[in-house]
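Here the protein sequences come in this chain order: A and B.
Under my numbering, the first residue of the first sequence is numbered 41, with each subsequent residue one higher.
Under my numbering, the first residue of the second sequence is numbered 771, with each subsequent residue one higher.
Heads up, some of the hints might be wrong.
From chain B, some residues computed to sit far from chain A (all C-beta separations above 10 Å) [claimed, not checked]:
#1 Leu836
#2 Gly871
#3 Val888
If you want the footprint, here are the derived chain B segments under chain A, 3+ residues with CB under 8 Å [stated by the list, open to error]:
#4 856-862
#5 966-973
#6 985-998
#7 1022-1036
#8 1039-1051
Hints in this document: simulated from the structure, not taken from any laboratory.
As the structure is a computational prediction, the values presented were derived from the model and not from experiment.
Here a beta-carbon is modelled for each residue, glycine too, at the ideal position from N, C-alpha and C.
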Amino acid sequence: MRSRYAPILFFSAVVIAVQLLTFTTDRQQYLTQLTMTGYYSLVIVGLCMLMGYAGQISLGHAGFFAIGGYVSAFLTTYDLMQHKANPLIGLFSRAGLIVTVQDLYGGDALVFHPWAACIAAILVTVLISYVIGGPVLKLKGHYLAMATLGFGTIVYKIVIGTSFFGAADGLSDIPGFKLLPGLEVSGKTPVRIQNYYISWGMVALAMLLLTNLIHSRAGKALRAIHSAEDAANAMGVNTGRYKLNIFVLSAVFAAVGGVFLTHYNGGIGPSEASIMKSVRYVAIVAIGGMANLWGALSMGIILNFFSLRGYFGSYDDAVFGVILILIMLFAPEGLLRREVFQGAKKWLSGRRKTEGQKA
Amino acid sequence: MNIELLSQYLVAGITYGTIYAIVAIGFNIIYNATGIINFAQGEFVMLGGMIAVSLHSFMPLPAAILAAVLVAMIIGALIEIIFIRWLVSPSVLRMIIITIGISIFIREAALHVWGEAVRALPYFTGTEVTVISVGDVHISPQVLWVTGISALMVIILTFFFNYTLLGRQMRACSANRDAARLCGISAKNMVTLSFVLSAGIGALAGCVVSPITYVQYDSGTGLAIKGFTVAILGGLGNSTAAIAAGLILGILESFSVWVMPAAFKDVVSISILLLILFVRPSGIFGSVEASRLKEF
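Construct the complete structure from the given sequences, taking the supplied hints into account.
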């Protein structure tokens, strides 16, 4: 029981240590990319659940990320002033869902509160993922891959072709997201440290949730589905329902990452919905070892951070493509799989033993 | 809405439809030989166009196209030999991810070699303003080149698969690999050959269509999705049906411009893909019973 939560405690300690390290070495600017990495990590751990535990590939997760980001961005920036007379708007306003903010020219604008927008984004994602997931998850192999790829492409084409989503420019000037008084998700320098903790706090929370899920009855059912779907079905596991629920769960993880990153960056562009982003998430999960949450998380942190810092230069996408090929050719079980650690442990302990015998 | 406009849309639809059908046939050739979908198929089309444009600056057009097709065939063979040949019964998921990786790699390499510029071969006959008028319908001669060469390719492929020893060996391998090997056919070489063939026809399609659609480092992905839609629509592995399906998709897409903005043209074809996958994954011409027996 205790060992289940030990990695999360260790993880939290690392998060705090990294912040202190950037503070003492005066590299606070790294916190910006680290915060963004945290939100991308939410997508990755969600996708890891879907790919590793439910055994279903999704080449459209950037689509869910973008749905979250765009819905939230649109609702918090679209001025409802001209629809003020609409009774629905009045209802929302009385319920406190709509707030008055100052627009660029100093005038008043009516927009949705970020909390309302965030919840709306999640609801939209749940709805879409249920509708899409139902028929998609009945497919297998190539068909499943192509269907999810098709879904991602549709989202991309819609956001890039729709003028109120800003077409190719995307949406910008998104206000910060005040979670609680004094706690705001935004890219302003004074709140940099608090945003770092918001981001990684959410990742820790997500890991706690998923760890519990894996160790629950549902988690065992999922592993059964991954290793032999027909057998699981025969044992009375409702495979269809489990797969759909995990699909929706991972879509929501992606959408939440999208909502928060959009508020943090103050904008979102169509590139967030591109196929390359989806492929990148799949690549990271594959490198981490499909059914290995901590592996996917650590690989996600390293690769996303390097990519956001621009270490890969103009070879950014190429790096992910090559990594995908190499991993799938030589280590289809992933780089950080349990056997590697156990092998290393055995090797280390074996060496210590022989040293002890010598002494 | 008048009859001229209708025929004009029809011609545009047929032109694009032919190209989609050729890409779909490329998918089918590799699928029949290996049982895998080559997600890098669209990249062959892009490579064909790009290489031909580069070679055309110092050699005549026919030679440039021929050389481009040959280079694409060599690349196809290399991909199979380096990445696929030595894998022992890989899982479908693994193959999907590998071919996606290959497509990203080719695309990024193209970006670094050719940059982001949009390129095109010159029109094979005349210029972009030359038209052949049939009644009130105006057709660019390039449209005739596209449909003509595609038709020729289909005829040659049909002949190849039905009447040559090599083509029949390939068919034997896709029908029953073990039995074909017992007859002394090298299944591995047939797989390599399938990559060579499908790269070659993809590249040729890329050359003939580039004056109309232009070619850019990332134009392969869109074509691959369309080609896959067509392959599914016709029933995976069935190349004759793919031609009909290609024309259907091309015409539907071209008429969709009427009811919604042109920016959503791709959304139409992908929605068709999703619809077909959900409702009738065996394709409109495929048999449901037969597709249940296949492995995806």
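Hints versus structure:
no.	hint	verdict
1	Leu836	30 Å, holds
2	Gly871	4 Å, violated
3	Val888	16 Å, holds
4	856-862	holds (count 4)
5	966-973	violated (count 0)
6	985-998	holds (count 3)
7	1022-1036	holds (count 4)
8	1039-1051	holds (count 7)
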